[in-house]
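Chains as they are written, first to last, in this note's numbering: chain C, 272 to 442; chain V, 272 to 442; chain Z, 272 to 442; chain X, 272 to 442.
Simulated from the structure, these hints should not be mistaken for laboratory data. Treat the hints with caution; some may be incorrect.
Identical copies carry no separate label here, and so any pair may be met within one copy or between two of them.
As the list claims (entries may be wrong) - Below, a list of computed lysine to any residue pairs in the SDA-like style, where the Cα atoms sit at most 25 Å apart:
id, residue 1, residue 2
1, LYS386, ALA313
2, LYS386, SER301
3, LYS386, ALA401
4, LYS386, GLY325
5, LYS386, THR373
6, LYS386, ALA402
7, LYS386, GLY365
8, LYS386, ASP376
9, LYS386, PRO302
10, LYS386, PRO300
Everything numeric in this text was worked out from a predicted model, so none of it was measured.
Number of protein chains: 4
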Amino acid sequence: MWPLPPCGQRLALLASQPQMRSDPRMSRPSPSTRADYRWFHAITTRWMDNDAFGHVNNVVYYSWIDTAVNRFLLDRGLLDLAASPVVGIVAETGCRYIAQITYPDDVAVGIRVTKLGRSSVRYAAGIFRAAADVASAEGHFVHVYVDRASMRPVEIPDFIRAALERIAVPG
Amino acid sequence: MWPLPPCGQRLALLASQPQMRSDPRMSRPSPSTRADYRWFHAITTRWMDNDAFGHVNNVVYYSWIDTAVNRFLLDRGLLDLAASPVVGIVAETGCRYIAQITYPDDVAVGIRVTKLGRSSVRYAAGIFRAAADVASAEGHFVHVYVDRASMRPVEIPDFIRAALERIAVPG
Amino acid sequence: MWPLPPCGQRLALLASQPQMRSDPRMSRPSPSTRADYRWFHAITTRWMDNDAFGHVNNVVYYSWIDTAVNRFLLDRGLLDLAASPVVGIVAETGCRYIAQITYPDDVAVGIRVTKLGRSSVRYAAGIFRAAADVASAEGHFVHVYVDRASMRPVEIPDFIRAALERIAVPG
Amino acid sequence: MWPLPPCGQRLALLASQPQMRSDPRMSRPSPSTRADYRWFHAITTRWMDNDAFGHVNNVVYYSWIDTAVNRFLLDRGLLDLAASPVVGIVAETGCRYIAQITYPDDVAVGIRVTKLGRSSVRYAAGIFRAAADVASAEGHFVHVYVDRASMRPVEIPDFIRAALERIAVPG
Chain C
272 MWPLPPCGQR
282 LALLASQPQM
292 RSDPRMSRPS
302 PSTRADYRWF
312 HAITTRWMDN
322 DAFGHVNNVV
332 YYSWIDTAVN
342 RFLLDRGLLD
352 LAASPVVGIV
362 AETGCRYIAQ
372 ITYPDDVAVG
382 IRVTKLGRSS
392 VRYAAGIFRA
402 AADVASAEGH
412 FVHVYVDRAS
422 MRPVEIPDFI
432 RAALERIAVP
442 G
Chain V
272 MWPLPPCGQR
282 LALLASQPQM
292 RSDPRMSRPS
302 PSTRADYRWF
312 HAITTRWMDN
322 DAFGHVNNVV
332 YYSWIDTAVN
342 RFLLDRGLLD
352 LAASPVVGIV
362 AETGCRYIAQ
372 ITYPDDVAVG
382 IRVTKLGRSS
392 VRYAAGIFRA
402 AADVASAEGH
412 FVHVYVDRAS
422 MRPVEIPDFI
432 RAALERIAVP
442 G
Chain Z
272 MWPLPPCGQR
282 LALLASQPQM
292 RSDPRMSRPS
302 PSTRADYRWF
312 HAITTRWMDN
322 DAFGHVNNVV
332 YYSWIDTAVN
342 RFLLDRGLLD
352 LAASPVVGIV
362 AETGCRYIAQ
372 ITYPDDVAVG
382 IRVTKLGRSS
392 VRYAAGIFRA
402 AADVASAEGH
412 FVHVYVDRAS
422 MRPVEIPDFI
432 RAALERIAVP
442 G
Chain X
272 MWPLPPCGQR
282 LALLASQPQM
292 RSDPRMSRPS
302 PSTRADYRWF
312 HAITTRWMDN
322 DAFGHVNNVV
332 YYSWIDTAVN
342 RFLLDRGLLD
352 LAASPVVGIV
362 AETGCRYIAQ
372 ITYPDDVAVG
382 IRVTKLGRSS
392 VRYAAGIFRA
402 AADVASAEGH
412 FVHVYVDRAS
422 MRPVEIPDFI
432 RAALERIAVP
442 G
């Protein structure tokens, strides 16, 4: 409906050309696909997720991963925000960005457990645009379980460990 | 699954008791219902939307209203983030908070146009928890249309005005 | 250092021309100045505060107001995040946007109390760019004091009321 | 000023006990100190940075690192948000969380360049609470320089490379 000015063309390239989405940062391992994850959570993007470059800011991806892991725990009854005496606190996270995501894209976050220790668990996360099978970003997320009162690490409770094992894919 | 300690009880009250949700801030006009709005957008909440009081922070509601209005404009072809030579910039917003929302609640934002001027448009927005018919919060949002190059106000283009009129409910 | 392409020129206008900053949304009351406020809090902006239009997103202003009010309460010993049995919860907020703010601008938020009821307090807030005496945005913020356990409104405790009166400027 | 209830005690532990701040996640390399970084940027925290656990959410740390790197580039004249024809886009980030940070803490982010390739640069970042010499969190941040129009990787321009070398500490 709007005519496309020179500026728009360039920004449109940024936002939607397939080669742009996948080209610049790809001399790395092939991205994972949905089949690599065991549990998915759909997330709607927000206008303010886009930054001054017109795509979702790198920081926002972490809020999606954080949301997916916690939603998994809530949906499985493994976390009660108010009452759990033992909770996971975040010890380490990371993300590599493969292809742009832009509001109003909808996304899905897939997770799996890649390492299950005595008191810590490491998740891998893949972020997918609505119709895509190949990840637009890949992250990891490490929780250490602590006693909420003393904040000291504790063994992961058995019922939580059992649920985590069900979405575990080592490696 | 977890035993409920005294602290948990109190926070649980904060999060879920119906009387808590509606009581404290209600000596005001009755909240609107879904029937009062003309277009809806579903939004998923995020772990970090909750603040230190364990409910969605007041600021986050505005990101939902902002997202709903822009999504309406995008879905109707009224805004092209890259190419539109005329865009709406935000002149005024407001929100009254009626009842708490807490991640992982899902929400819907309903909007309608309440005032359509020469270069500005005012929206009313209602924020609803998934299954609720009564709004948990009500806001307004004013866009002034400007020429993107000069940033001076311009008349709302006819095709935008026509679309806004279709969701207008004066008053 | 960079040559200025056509697209850049337009965005630069958006970001820095004085007439743009003050023109489009100003057929309204004159903005307040620093003299209108009683307590100030300096805030640093963040890269992701800028949205796709290259200026600070309208939502972010509320996080600054929220931060200033709570910081006032914390600095005065009126709020203990962990222990206060009575806390203010947000009942209503609003903001009108007068002139653009763009990361990396630094800002100051000025506040004053404009209304002090039995259980509620209304603040006015002015948002100023670093060197500016005239507000770039003006907001209001209403707290209702509640018992943290029952979430029912309570009278504002005397020591809080006394501190609020010291920054009150009715009207 | 407030009496300390059982709930408050537990949350207070979470927020302020030294052993809590450093204990649970520390069986790892010693944290870096300010001397390990070459450029610093002070950042004010915000009320909504705290999440439901009453400390700054893990996601927010990335917004601070992002802000510090971009501020360095802006202050050195290496980035013009509107006009730069070549910009850095984020290819990878990561963070390990060593000790809690809680609003209203103020923080400083220190950065140095740890790797400078043909088209990419890797920064290390340390996040410090106001008076602390030991990092509360450590991150990394990788920019790939691209032509803004084509979004294809390009060689880092010489004047940018020269400035990055001045804050480089390999390893």
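For this session: List, from low to high, the hint numbers that the structure doesn't satisfy.
Result: 3, 4, 5, 6, 8
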